[in-house]
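Trainee: Sequence:
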Amino acid sequence: MNISDILRIKTTVCITELRRNPGEIIKIVENLPAVILSRNKPKAYLLPAKSYKALLDLIDDVSLIKTIKTRKSGKTIKVKI
1056 MNISDILRIK
1066 TTVCITELRR
1076 NPGEIIKIVE
1086 NLPAVILSRN
1096 KPKAYLLPAK
1106 SYKALLDLID
1116 DVSLIKTIKT
1126 RKSGKTIKVK
1136 I
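Numbering-wise (the working numbering), the sequence shown opens with residue 1056 and increments by one.
Just so you know, nobody snuck in bad clues.
So the derived label-pair ranges between C-beta atoms look like this: (1) Leu1113 <-> Arg1075: 31 to 37 Å; (2) Val1090 <-> Lys1124: 31 to 37 Å; (3) Ile1070 <-> Asp1112: 25 to 31 Å; (4) Tyr1107 <-> Cys1069: 21 to 27 Å; (5) Ile1064 <-> Leu1119: 26 to 32 Å; (6) Leu1119 <-> Thr1071: 41 to 47 Å; (7) Lys1127 <-> Arg1094: 45 to 51 Å; (8) Lys1130 <-> Arg1074: 54 to 60 Å; (9) Ile1123 <-> Thr1067: 38 to 44 Å.
These aren't lab readings, by the way, just hints derived from the structure by calculation. No residue lacks a Cβ here, since even glycine has one placed at the ideal position from N, Cα and C.
With these hints in hand, go ahead and build the complete structure from the sequences.
Mentor: If you want it as structure tokens, here you go:
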């Protein structure tokens, strides 16, 4: 699953329905991300656990890439092993 899959949210749930039936909403969100609406405006997003993990992995990768680029242009030190 990539970032574009995660962000293609087609499922909407009104906050009233979430309050009435949270278990059913969680079942829906196990496979699809959903936006929670309050008065037809987005208030929150629910993601499946694997989508959330994919986002965290992507953030971690971006952070590592920045670190690598910073260190690549820095000084090198010879080390004897």
